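Asks: Residue numbers (our numbering), protein chains in the order written: chain A, -3 to 289; chain B, 6 to 352.
If a hint is listed, it holds; no wrong ones were tucked in.
Pairwise CB distance ranges, derived in the manner of DEER restraints:
| # | chain 1 | residue 1 | chain 2 | residue 2 | range |
| --- | --- | --- | --- | --- | --- |
| 1 | A | Val1 | B | Gln139 | 33 to 39 Å |
| 2 | B | Glu276 | A | Ser(-1) | 53 to 59 Å |
| 3 | A | Ser194 | B | Lys157 | 22 to 28 Å |
| 4 | A | Val282 | B | Gln139 | 20 to 26 Å |
| 5 | B | Asn110 | A | Phe24 | 57 to 63 Å |
| 6 | A | Leu63 | B | Glu80 | 57 to 63 Å |
| 7 | A | Ile270 | B | Glu77 | 47 to 53 Å |
| 8 | A | Phe279 | B | Asp34 | 54 to 60 Å |
| 9 | A | Arg192 | B | Ala268 | 54 to 60 Å |
| 10 | B | Asp13 | A | Phe279 | 55 to 61 Å |
| 11 | B | Ala190 | A | Leu78 | 49 to 55 Å |
| 12 | B | Ala297 | A | Ala173 | 45 to 51 Å |
To give an idea of the interface, some chain A residues facing chain B are shown, with a C-beta separation under 8 Å as derived from the structure:
| # | residue |
| --- | --- |
| 13 | Leu182 |
| 14 | Ala185 |
| 15 | Ile188 |
| 16 | Asp189 |
| 17 | Ile200 |
| 18 | Leu204 |
Stretch by stretch, here's where chain A covers chain B in the computed footprint (C-beta under 8 Å, at least three residues):
| # | stretch |
| --- | --- |
| 19 | 72 to 84 |
| 20 | 105 to 115 |
Simulated from the structure, these hints should not be mistaken for lab results. Please read all numbers here as calculations on a predicted model, not as lab measurements. For each residue, glycine too, the CB sits at the ideal point set by N, CA and C.
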Amino acid sequence: MQSVVFPNKILPYFLVAPQIVLTVIFFFWPASQALYQSAMREDPFGLQSNFVGLANFRLILSDENYLHALQVTIVFSVATALLSMGLALLLATAADLVVRGKGFYRTMMIIPYAVAPAVAGMLWLFMFNPAMGTLAYLLRRNGIAWDPLLNGDQAMVLVVVAAAWKQISYNFLFFVAGLQAIPKSLLEAAAIDGARGSRRFWTIVFPLLAPTTFFLLVVNTVYAFFDTFGIIHSVTGGGPAKATETLVYKVYNDGFVNLNLGSSAAQSVVLMVIVIALTAFQFRFVERRVHYG
Amino acid sequence: MARIELKDVRKVYGGNIEAIKGVSLDIEDGEMIVLVGPSGCGKSTLLRMVAGLEGISSGEVTIADKRVNELEPAERDIAMVFQNYALYPHMTVRQNLAYGLKNRNTPKDEIDRRITEAARALEIEPFLARKPRQLSGGQRQRVAMGRAIVRKPSAFLFDEPLSNLDAKLRVQMRVEIRRLQRSLATTSIYVTHDQMEAMTLADRLVVLNAGRIEQVGTPIELYEKPETTFVATFIGSPSMNLMKLGNGAGWKMSPEARLPNSAATIGIRPEDIVIANGNAHGPVRAEVQVAAVELVGAESYVHALTADGSPVVFRVPGRSAIQIGETMALTADAARFHLFDAAGKRV
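Same shape as in the complex, but just chain B (with noise of 0.2 Å):
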């Protein structure tokens, strides 16, 4: 029913600046695509094109196999989700749900069944008759879902909404969020900065660097199967460890190993790295010294430095008993290696 599809979307400031260099992506019905990437790649803009708050340069956005370039945000059936939740001040939560629904002038006992509808669904009923104001931060959150829910548009845009949270009630709200996606089936673009939220939300998760798409797939084939060292670096915590491959290394790679001639780097996730046995020699192999230790609860994260200099992340199980400036060999199972060329694509 709703499909989106952007077919090489771009987007020129100024005349030259180009913050959207040519974005071409199909969504299927009801999936929940995350745009993920840091900020100033272009995310939310992409996004408020889709939602037709920012013009398009060039190219094709269609909803619902619709051409909807030239149509103004009220006309493309979408309902968005602020990150500051934008709900009108001076409305009761009431109003601000049925404000979009009045202005389409839906009749009024639909509107009062859809916000019945969608305030038990969000669990606002208690707070229809306040102000934004008097809620907290969560609350409003609620609100602004709600807002989104009762005009059963034919998507949902999310701009970073869970941001303005703290770190508990973001875990809370992304958990519901993506329950409602999913009882909606409504097609979902939802962008964020953290790689945390784009993992767990995502069916299919949207990679953007500098205005282009590094790659696209779901949670974990980019996990698994990062394309560009890029990808690699920003999907997991703490970020895969990359290595230059060549003479004076911190890594020494044993002669077995046997790597594409192409590769000009490796990179290791943390969890893929132990600590050698004795002097029984890996694939790979380096001598470090510990610089941190940061303890996280089930698991330790330890910060060390290879001989040039170069730093490592590796993940060790429950507490640990690594010193810091302790020193140690660390290795690596080849089988669990990614490796890049020179360009930084997967070789």
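Looking at chain A on its own, in the form it has when it is part of the complex (with noise of 0.2 Å):
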């Protein structure tokens, strides 16, 4: 390949400068501050901070609180991550059989992801809510006890429901792009070849859309992880008991409502590790099972 060089010294430096700012700004500096802070410990009035070296991550990761977030978290990452790509392929391989009002389907699938997040949590909230939920009343009327306000439980499926739903829409649109990019001939050849139905769909058309599912676990993994922030809040407050308190959630309560930051600054470097780790994994391991066309 031909190696483009631009004359002028200075123009190109210029022009990535908009993307180096931002990156710089809202990533290296609050990251750095986080690493800086982790290091550090406040005195209860905040007057002043000390030096205190790994202390914070010691304390955290022999915090059982925190030992149950990551458990939490876990649960709750796998759970809204298979939930919402498992529908949304579900729903986008019904798509591609839809025959008339094809478009009308599809954007009304993309709305959802128009919704923020925390108006999502509500609307879900609102519908579950055990003391005025419409779909609450009619649970209990038919013999389940919902409260998820003292379940956790019970508090642990409406956030995952709630934060899935938010996520179908994309997922939904990435897997009707894949299913579309297969060759219609492949297709024919595996009719011919006497594959129909579910065998067809697993022997031939998921192994083809490999590379949106594994693009999809990472976006949605990184989703479950940081996104949710907004759902949880407004949905359960991470409650009850902590039964839905995960990592992000709890750098937040810890850190902004009891202000201990040197210990929120520690959990959120943490956090930031497990996620680059995991990509890494992902990339390093399940992509080799990922066939690109």
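Join the two chains into one complex using the hints; note that each chain is given alone, in its own frame.
Replies: In structure tokens:
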């Protein structure tokens, strides 16, 4: 490949500057602040802070609550990613079969993506609030003891469903595009080769969708780890009894509510390391099994 | 065993667009039928209707004397080779070959035996463990053929299988397809827009035009006795020269050449036109000016214009000394004329 060289020495730097500036201001600066804060401890009045080395990390890693939040996060993320990707794939394959009103159906499917996380959370809260929720009323009338305000498992189900619902649109879009990218002649060849229905789906369609599925797996994991704060905050506030307190929620709670800045910073550093490691793992081990066209 | 019959088959899209306008065709067991025609003539649609990939609007298709209109593609006992090969990219060559057999619950040792057999016949044994993307175009083509023959179907359907290959490979694969088809003696329908491919492969040729059959026959029949001007110009390269009869036309008929009254057009193949010897008056004669000379190796094609500006192509052996701009007189043997009436039908 021919390498392209700008005649002007300054222009190229000028052109990439906006991107660099944004990354520095909104990622490197706060990240380095978090790193710095994670090694400090503030006195109770916030007047001064002392360097304490790795003490904050030692504290959180031996904290039962922190380990509990880690466990909650894993359950929450896996459930959210699986539920939203599974449903989106189901809906996308269904959309592929729709003949009339395809455009309308797809547009309707995409609308939830335009809803802000906190608003989405409120929607589900209203529907399933044990005191006033319509659907909560129906559930209870049918003999289900529905009370997410007291029952931790039910609260978890509620936030998972709300978080997954929000993400289905996004996954749906990518799955629809992925399905359309599968050459029609391959499906016809499979039809002649005697593969129909679910057999054709699992032996031909699903393996060919693997690049899309892998990409969505990474995106959904990151989404479940970071972007679901709004939903959890509005639906359960991390309760009951920390049953839905994920790592991100705990960072917020310890830092901005309890004002334990050192611990909160240490937690966010750990969270960052986890997500980077997870993504690297996915690229290293899962991607190997992915076939790119 | 596996005759294929098409009875007044029609394809209508969206209620009023008729893509196939009533095609009837009997294909004998073991015969290689080539469907040929310009793009958009419906040849691929017809093939896909036999395969079951397109619905049949009316009429009937039978394979081995069994009506297949309502059957799924897999139940018709056919195998198809696609233009873009349609190999499953995530499977190895071996898995590609085995897929259709596995879906039919063929025993494992039988699958292995058939793959070994097909791989040997197609010389793809070294590639069995590879993925399609690691193969060249020609090798992919062989695998696509292999996927069809391991199934031992009652018919092969080929949808322009050589279009994506380069010219040299195309000729080589053409010969190979013919050899394989002969040795397996499997009834085949082959679709192509390339008349060279059609001529060399076919037992019988079907020329389609705008959803209708123009003519069915052996390649030589179609070449020597085209029933319509469409077939006359479609089969043969360069195409047949057509000239209108009448006053003021560039070609002058001698009174001795007795033509039927209904003849409106004469067709003369490029190889039947000769340069007139001096002033000798042949049955037909035209003064032309040479516009271009194409040297293709063993022969040359001369493109010329008659006095009234209609084009003529004729063939001269070897390298010709004819110069562009030169004028000369052309003639032809009346026995080699193809005569057509005003509607374009052979007289």
